[in-house]
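**Q** Protein chains in written order, with our numbering: chain A, 1 to 198; chain B, 1001 to 1741.
Derived by calculation from the structure, the hints in this document are not laboratory data. The structure displayed is predicted, hence computed values, not measured ones. Treat each hint with caution, since some may be false.
[Stated by the list, open to error] The calculated SDA-like cross-link candidates involving lysine to any residue, where the alpha carbons are at most 25 Å apart (straight line), are:
#  : chain 1 : residue 1 : chain 2 : residue 2
1  : B       : LYS1560   : A       : VAL140
2  : B       : LYS1040   : A       : LEU20
3  : B       : LYS1560   : A       : THR144
4  : B       : LYS1195   : A       : ILE145
5  : A       : LYS83     : B       : ARG1219
6  : B       : LYS1497   : B       : GLU1532
7  : B       : LYS1178   : B       : PRO1526
8  : B       : LYS1560   : B       : GLY1280
9  : B       : LYS1040   : A       : GLY31
10 : B       : LYS1178   : B       : ILE1545
11 : B       : LYS1040   : A       : SER121
12 : A       : LYS102    : A       : GLU150
13 : A       : LYS124    : B       : GLY1104
14 : B       : LYS1195   : A       : SER11
15 : B       : LYS1040   : B       : PRO1024
16 : B       : LYS1594   : B       : GLY1280
17 : B       : LYS1555   : B       : ARG1531
18 : B       : LYS1560   : B       : SER1191
19 : B       : LYS1497   : B       : PRO1526
20 : A       : LYS124    : B       : GLU1065
21 : A       : LYS151    : B       : ARG1074
22 : A       : LYS124    : B       : VAL1039
23 : A       : LYS166    : A       : GLY43
24 : B       : LYS1451   : B       : GLY1104
25 : A       : LYS151    : B       : GLY1280
26 : A       : LYS151    : B       : ARG1219
27 : A       : LYS151    : B       : GLY1104
28 : A       : LYS71     : A       : HIS36
29 : B       : LYS1040   : B       : GLU1010
30 : A       : LYS124    : A       : PHE39
31 : B       : LYS1040   : B       : GLY1573
32 : A       : LYS102    : B       : ALA1632
33 : A       : LYS151    : B       : ASP1242
34 : A       : LYS83     : B       : LYS1594
35 : A       : LYS124    : B       : ALA1034
36 : B       : LYS1195   : A       : LEU20
37 : A       : LYS151    : B       : LEU1243
38 : A       : LYS124    : B       : VAL1056
39 : A       : LYS151    : B       : ARG1226
40 : A       : LYS72     : A       : ARG157
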Amino acid sequence: MFGYEFYVDPSRCIGCQSCLKACEECDTHRGVSMIHFDFVDRGETIATAAYVCWHCDNPTCAQVCPADAIKKYEDGIVGSSLKPRCIACSNCVLACPFGIPKLIPENEQMMKCDMCYDRTSVGKRPMCATVCPSQALAYVTPETIAGRREKPVNVFRFGSQTVTTKVYMMAPATAPEVAIDVADYTWEGEREVVPQAF
Amino acid sequence: MAKPPVPIPELNARFGPHLNYLPPGGWQDEAHSAPDRLVKTHCCFCGQQCGIQLKVRDNRVVGFEPWEDFPFNRGMLCPKGVKRYLQGNHPDRLLDPLLRTPEGFRAAEWDEALDFTARRLRELQQQYGRDSVAVYGGASLTTEKAYLLGKFARVALGTRHIDYNGRLCMVSAGVAYKGALGVDRAPNPWSDIPKAEVVMAIGANIGECAPITTDYVWRARDNGARLIVADPRFTPIARNADLFLPVRPGTDLALLMAMLHVIIRDRLTDDAFIAAHTTGFEKTAESVAWWDPRRAAEVTGVAPEAIERAAHWIGESRRAMLMHARGLEHQSKGVENCEAVVAIALATGNIGREGAGCVMITGQGNGQGGREHGQKCDQLPGQRSLTDPAAREHVARVWGIDPGDLPQPGYSAVEIMNAIHAGEIKGLLSICFNPLVSLPDANFTREALNKLEFFGVIDFFLSETAHHADVVLAGSLQEEEEGVTASMEGRVIHIQKAVEPPGNARADSAIICGLARRLGRGEFFPFREPREIFEELRLASRGGIADYYGITYEKIDAQKGVFWPCPSLDHPGTPRLFEGGRFYHADGKARFMKLEWRPSGDPVDGAFPIYLTTGRVVSQYLSGAQTRRIGALVDQYPEPRLEIHPQLAGRYGIRTGDWVTITTRRSAITLQASVVKTIRPDTVFIPYHWPGDRSANRLTHRTLDPRSRIPEYKVSACRLERAAAPVTAAAEPIAAPGGRR
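Required output: the full structure, derived from the provided sequences and hints.
**A** In structure tokens, the structure reads:
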């Protein structure tokens, strides 16, 4: 959709996995979800993260593909592997700095998020960003995203490799330390007030 | 005696729960076949009633498409909404009425099943009196069905005893709001939330139980609002709280009274508002005088400084919103809890304006509409009181009966089960209710069901409760009958009929009217379609508090919902209540209430030293009768787990994955532990969606709030022991297909 961009904000994620469920309802890959979803460390925190392919300007997955099966379209979207070309070698799976491509053994093919190309190419929003209840995954205009607390970034450093992406990560303007253990907040008597809560 | 005819595993093998993963025809078929049409309707699950488009082909719901133009959710859906479409073509779907035989259930003809049901109800009434039969309804029913069921109980059966599973939802808030503000409805539309400067969520796991509401809260934060979260658990929205108050289960009232104490002590009250628009402030002020933050800290486990800060943020703001849900309401002082929230809003003048107010987050799909029009034990349509002579006169006239023939108020949901157990109620007709899983003290509920002389159920799947039925009338899913519901905002919306009921299943309203005819009261139930019921409901509610007279299906479609009250056809509806400080009591003023601390009905002591609290997970809904049959939702969270803090777990040597027996004064169950720092160290949590030996409600107790009659699900006392992995077949650790074992 013209003028719309994809933004990922893990700080908004509530872990509901609606994106994961809705992705497999998309017509181009029925029954296979392309969303990556993780509990960061459930013992320590409720924090979760859901994310899509970052659609790199210079996609590593395509660079390392020996079969030339991964194409970047004119609008910057990097597609799933082309079925007739993909040899299921997993080069892309190993090389992607974000860990996005998945080898689907039943299909003998790498599949990944293509930003709902069947939807975005006809003026619809991607399935995951449409349903996301917390808008941790959002497909909106830059003007809309400018109203948020967090700011979009799309440059990532992986050691010596710098990657610029079509999809933006929302990052905090400042990153204060946040206490995540309920025991840090509970009050058991005068001597035990823990400063993190205030 | 209404005992299951054959062992439960045999019933499960035939009726499920089985897991459905695939749309009709499978994934690939669907990709190549366009739907016949998209039906703009709403999700069948929670009180948010998100707009959704159902894909329909060959009289089957085959998928969904987001409905981005519906203003409440703008396309957003939680995983339950995404997968809701998998129920219609489900292998467990009841396609015929069932009659119980010694060998199990057999399919029956409709005439046989309905004749039998009517005959047994009448026989019991002739033998034991009219009030020996009771009716259970539900808050997932459309408003038309709920209205029809209330009329059925009172006009066709003539029994006092009808109540519904909304009794387990937000009735504490309902009593509090009705008493303090004169009306039982969230006063603000959700569009007010992003306008607030301070948002406080207390006893409300918004991220998991009202997921779309999260976006409203996050937008408030984008606009600079501060978020206060009070909960024994670090819920998903607590991640972004500016202030987290880890309140001990059952002590919210002390927290709220201390906040009010600070607001009064530090002169943060809106004295002009109190003087002009309220009465009884002195009563509340006196109630909270003793509750300084230091005392409240001892009771709640929340630091005094945090209580002071929360009180100041709200008291110093002109646009504060307080949001609350089951955490406050599921307590034996649930009404007082909600009255305290209302009192904070009134005392600071934060009510009746954009971005200012207190709102209950109603949980069930039609929790709001289903409680307004007559399936509550003490209410008539239009939120009218069953004991008010003028209300009885009005409704009796609409119904064409003598007001003297209208029964008086009967028992509430839990009290009906108590009366069945005591042998006072002999027969039960139930729709949209799975009390064996959802009522507290499940062993008691099972004993009661076993004693029924007649038990009839209307349902689309065979729920655990329906195992006990003499007859099961195969009813309809939400998308199989037109009607309206009212969302938690008080927005009346239009449920479209997308498909016909499959097989020989029938529309619920046709079943109820068919029973009424067989009971000899057909003249009062001439309805051929829901629209005719709605037309009568408009008249019955006219002039009442929940006035629907000005609402039509067409107006709902044109406006994308109509907020009640809507007293005339040219009235646009009422998104925000109490503007200008006008409340719904006769004098136009709000009431401050006397607040009184009471201990929980199941106190923690030396033998049961740990707090147990229960709640929901995002992928399951209520008793799970529907969501435990949807594969993708079961996979997300297949089994209930015991959430326990590492400090407490360490004392017992419990690690994640270990089996733990949880024992309360009622019973014991054994579950796997999940050791997490996101819960108070003195509290454990179990989600309640499962039956049998995994049922949290085997552990809970039947103490009720004396006014709202809601059970105290959120506070029980328990003890823990490490246990060996269960070895019996009935306790297989991993769920068999359908989330059962």
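**Q** Against this structure, judge whether each hint is valid.
**A** Tested hints:
{"no.": "1", "hint": "B:LYS1560 x A:VAL140", "result": "23 Å, holds"}
{"no.": "2", "hint": "B:LYS1040 x A:LEU20", "result": "23 Å, holds"}
{"no.": "3", "hint": "B:LYS1560 x A:THR144", "result": "24 Å, holds"}
{"no.": "4", "hint": "B:LYS1195 x A:ILE145", "result": "17 Å, holds"}
{"no.": "5", "hint": "A:LYS83 x B:ARG1219", "result": "41 Å, violated"}
{"no.": "6", "hint": "B:LYS1497 x B:GLU1532", "result": "15 Å, holds"}
{"no.": "7", "hint": "B:LYS1178 x B:PRO1526", "result": "33 Å, violated"}
{"no.": "8", "hint": "B:LYS1560 x B:GLY1280", "result": "39 Å, violated"}
{"no.": "9", "hint": "B:LYS1040 x A:GLY31", "result": "24 Å, holds"}
{"no.": "10", "hint": "B:LYS1178 x B:ILE1545", "result": "10 Å, holds"}
{"no.": "11", "hint": "B:LYS1040 x A:SER121", "result": "23 Å, holds"}
{"no.": "12", "hint": "A:LYS102 x A:GLU150", "result": "30 Å, violated"}
{"no.": "13", "hint": "A:LYS124 x B:GLY1104", "result": "51 Å, violated"}
{"no.": "14", "hint": "B:LYS1195 x A:SER11", "result": "21 Å, holds"}
{"no.": "15", "hint": "B:LYS1040 x B:PRO1024", "result": "20 Å, holds"}
{"no.": "16", "hint": "B:LYS1594 x B:GLY1280", "result": "8 Å, holds"}
{"no.": "17", "hint": "B:LYS1555 x B:ARG1531", "result": "13 Å, holds"}
{"no.": "18", "hint": "B:LYS1560 x B:SER1191", "result": "14 Å, holds"}
{"no.": "19", "hint": "B:LYS1497 x B:PRO1526", "result": "20 Å, holds"}
{"no.": "20", "hint": "A:LYS124 x B:GLU1065", "result": "11 Å, holds"}
{"no.": "21", "hint": "A:LYS151 x B:ARG1074", "result": "23 Å, holds"}
{"no.": "22", "hint": "A:LYS124 x B:VAL1039", "result": "18 Å, holds"}
{"no.": "23", "hint": "A:LYS166 x A:GLY43", "result": "33 Å, violated"}
{"no.": "24", "hint": "B:LYS1451 x B:GLY1104", "result": "18 Å, holds"}
{"no.": "25", "hint": "A:LYS151 x B:GLY1280", "result": "48 Å, violated"}
{"no.": "26", "hint": "A:LYS151 x B:ARG1219", "result": "14 Å, holds"}
{"no.": "27", "hint": "A:LYS151 x B:GLY1104", "result": "62 Å, violated"}
{"no.": "28", "hint": "A:LYS71 x A:HIS36", "result": "21 Å, holds"}
{"no.": "29", "hint": "B:LYS1040 x B:GLU1010", "result": "39 Å, violated"}
{"no.": "30", "hint": "A:LYS124 x A:PHE39", "result": "29 Å, violated"}
{"no.": "31", "hint": "B:LYS1040 x B:GLY1573", "result": "21 Å, holds"}
{"no.": "32", "hint": "A:LYS102 x B:ALA1632", "result": "20 Å, holds"}
{"no.": "33", "hint": "A:LYS151 x B:ASP1242", "result": "19 Å, holds"}
{"no.": "34", "hint": "A:LYS83 x B:LYS1594", "result": "71 Å, violated"}
{"no.": "35", "hint": "A:LYS124 x B:ALA1034", "result": "17 Å, holds"}
{"no.": "36", "hint": "B:LYS1195 x A:LEU20", "result": "31 Å, violated"}
{"no.": "37", "hint": "A:LYS151 x B:LEU1243", "result": "23 Å, holds"}
{"no.": "38", "hint": "A:LYS124 x B:VAL1056", "result": "20 Å, holds"}
{"no.": "39", "hint": "A:LYS151 x B:ARG1226", "result": "19 Å, holds"}
{"no.": "40", "hint": "A:LYS72 x A:ARG157", "result": "21 Å, holds"}
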